[in-house]
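Participant: The residues making up each chain are set out below.
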Amino acid sequence: MNNQPITAEDILTDAASLRWDLGEKVHESLMESIFKEAASIAGDVVSISEKKKKTWDHSLDWLFTSKLTGFPIMFGLLAGVLWMTISGANVPSSMLAGLLLDTVHPWLKAMAGQIGMPWWLDGLLIDGMYLATAWVVSVMLPPMAIFFPLFTLFEDFGYLPRVAFNMDHLFKKVGAHGRQALTMSMGYGCNAAGVVACRIIDSPRERLIAIITNNFAVCNGRWPTLFLISSIFVGSAVSSPLLGSVVSSAAVLAVMLLGILFTFAVSWLLSNTMLRGEASIYSLELPPYRPPRILQTLYTSLIDRTIYILWRAIVFALPAGAVIWLLCNISVADQSLAEHLIRILNPFGLLIGLNGVILLAYIIAIPANEIVIPTILMLTVLTAGVTGIGEGAGVMFELESEGDTAALLQAGGWTLLTAVNLLLFCLLHNPCSTTIYTIWKETRSVKWTALAALLPVGIGVAVCFFVAQIWRLIAHSF
Amino acid sequence: MTMHPGILLAIGLGVIAILCILFWPRRGLVNLWRSLHLNTRRTRIEHALKHMFNNEYIQQKTTVKSLSVKLSISQRHTASLLARMESRGLVKKTRDGYGLTEEGNAYALRIVRAHRLWERYLADETGLRGDEWHRYAERLEHSTSPEQVEALADQLGQPLYDPHGAPIPSADGVIGPPMGQPATAFATGDLIVVTRIDKEQEHLYSQIAAEGIVPGMQLRILEMSPQRIRFSSQQNEYVLAPVVASRLMAIPLPAEKTEEICNDTLSSLKIGETGKVVRFSPNCRGAERRRLMDLGIIPGTLIRADLNSPFGDPKAYFVRETSIALRNKLADLIYIEKMKGAA
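From first to last, the protein sequence lines stand for chains F and E. Note that my numbering gives residue 130 to position 130 of the first sequence, counting from 1, and the numbers run on in steps of one. Count along the second sequence from 1, add 1000, and you get the number used in my numbering.
Because the hints were derived from the structure by calculation, they are not lab data. Each hint should be verified, as a subset may be incorrect.
[Said to hold, decoys possible] In the DSS-like style, the derived pairs of lysine-lysine whose C-alpha atoms are separated by at most 27 Å in a straight line are:
1. E:K1276 to F:K54
2. F:K25 to F:K54
3. E:K1050 to E:K1061
4. E:K1093 to E:K1070
5. E:K1338 to F:K25
6. E:K1257 to E:K1329
7. F:K173 to E:K1050
8. F:K25 to E:K1199
9. E:K1276 to E:K1257
10. F:K25 to E:K1329
11. E:K1065 to F:K54
12. F:K172 to E:K1329
13. E:K1270 to E:K1340
14. E:K1270 to E:K1065
15. F:K67 to E:K1329
16. E:K1050 to E:K1065
17. E:K1276 to F:K36
18. E:K1065 to E:K1092
19. E:K1270 to F:K54
20. E:K1276 to E:K1329
21. F:K172 to E:K1270
22. E:K1065 to F:K36
23. E:K1257 to F:K36
24. F:K67 to E:K1199
25. E:K1270 to F:K173
26. E:K1257 to F:K25
27. E:K1093 to E:K1061
28. E:K1257 to E:K1070
29. F:K36 to E:K1061
[Said to hold, decoys possible] Far from chain E by the CB rule (all over 10 Å, computed), these chain F residues:
30. G70
31. S87
32. G98
33. H105
34. S249
35. G277
36. S283
37. I303
38. I314
39. E398
40. W448
Here the structure is a predicted model, which is why all the values come from computation and not from measurement. From the three backbone atoms N, C-alpha and C, an ideal C-beta is built for every residue, glycine too.
Please model the entire structure based on the sequences and the hints provided.
Facilitator: As structure tokens, this is what we get:
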């Protein structure tokens, strides 16, 4: 022993040389010993006696995940939830529309008239901002208020992880996570909610895939467009009315299935190109079943999902309403801005088998897919020079009868090709601004947000273009 | 004026073809253009330094010829590159080739540290395949500042080895000794642990990487002949040519671990059977390995195969009173000892 004091450098050199002897597994062995300690404490104080519940869980598991019964139950439940949402939302939706659009709107107009509000302010605030917001609320709120609580009940019961478990194999083949089946289903209710739901996917790569492809699940804001267009154009192309309704439903279903096809194709493409480098880890907890807590579920799904999404939609609908009204009412060189824009967009629109009105409607109705059809109708009246229909420039409306709508659109130059391409474009276009904003909030990345916004619209333009050319080629040769 | 739809169709297909040519992953023009720009004078010097450092580490000589092969440039260019490096005080002529000066050695250590840390990062935290780590690290090492390198090392928990088993120099330039000897030096029947895969000759290395052999793997030598060497691990058999196997450095398997080589994999458990986790395959690393540990799947844990999904993949396992589904690919990487009777 010498009496030299030990300096800090000595300790550091010692530590540096010991580093190589210690090996790489030091963190892991620390963790192992912590687990062992925790397990032994838990073993002393926790007793487990749930034999009975376990057999119950096991038979439910067998029912939900066996080859024979797993898939029929799953598709049956999904179809049931969608059916309940669509048919159950009709009544409250028309009640809300009656209240907000047919009662409050004229009343507000009358009030504005009484206090002597200038026409442009009244138009901007009431016909533009109020009407767009009221439209979004009346179409969006009821389905969401039915869909999300139902979904949350299944989640609470413990069924949804079993769906992910069943579907994982299919999603694995395209490089995605089984839970994407859930975020997709959620997307049928609302893409913004679907994107938020992607938080349940805990692997970075698969989560991004699910976020970017969620838009291929047709959200309930787009269903009315699909139903309306397919029934007035595709359905009426068949002579018998009964067959017509079958054909038009088949068209809607085909668009939905095409959406699923695109989800898988784009997932595969992304996981093999842009997202190849992102980390991928898979594990899925299958929690025990438990009776759902209905009141709590209703409360959380209303607050967390419905109100939250609705609020964002309103925030985006207000300025959009103003933009729509202003475009139609500011005139440059004897024509409104909207008419100028439509004239500019028309050649490109016709090239891809749509028209300028549809493109402009999709651009200015970015905040919500719900107002696409009212905007299209309003713009068609504006440009086709039809008189006696509608409420004036910049005021959105819908027609009571499908026949009138068809007549108006045909006056606007629509053909069967326009309708088919609108169905395709309805599936394949950019997500609404609420969803885009949500994607940004979830990923915090401009790159992925831009990709999620532009990829679908790029695919949509390409698909419409090729369909239009092939369609015309066939029409030419006859 | 409207164009014939047939012409438009052709134009549309043409546009798609052009986009494919431009943006095709790896072989697209945009990518090729980018990799051309990487080949600057500085990156070439840094690659040369790395090559010389690696040679000195395994006590081999660096000559103009070996360097020109490594950098795939002509010997004339290589000579002028070396002259430039000599004038900057990075290399010096020795009796039978070139060697690093003290300054050159420090520079090389910095680059090697950045390279190996990046490889560790790419292996642990990204989904890139084993044969891609090196290629990406070759690009990243030049654009990483010393501060970024240290931040990376902290984030990774100051790792000791890169994913090929080569030691990572510490920040003050200390590097561990080489470990193991070529697999060709062992005999039939030997049990070995892979310690390092030499990647100085990339085509040989990529053959080993393609087989999925990584450091930490336990192998049994089944056959050792001048034509081929045959190994087996838990599930697989590998056949390598001796020249390839000589790039595989290994040590004998420690005596206390010899029975581990007989372990089964978690995926081989049938529904209802129970096993005890022994260890993870070295191919299970980074985020994946941490996830398993987070779930409480660590050596010593009892685990029971519980439920099959309709397609047979994933399977649910019962571990620590919880049911957790794992894909078979991951379950292949968890080694267990089968238990008799119920847990």
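Participant: Which hints from the list above does the structure break, by number from lowest to highest?
Facilitator: Hints 2, 7, 11, 14, 22, 24, 28, 29, 30, 35 and 36 contradicted; others consistent.
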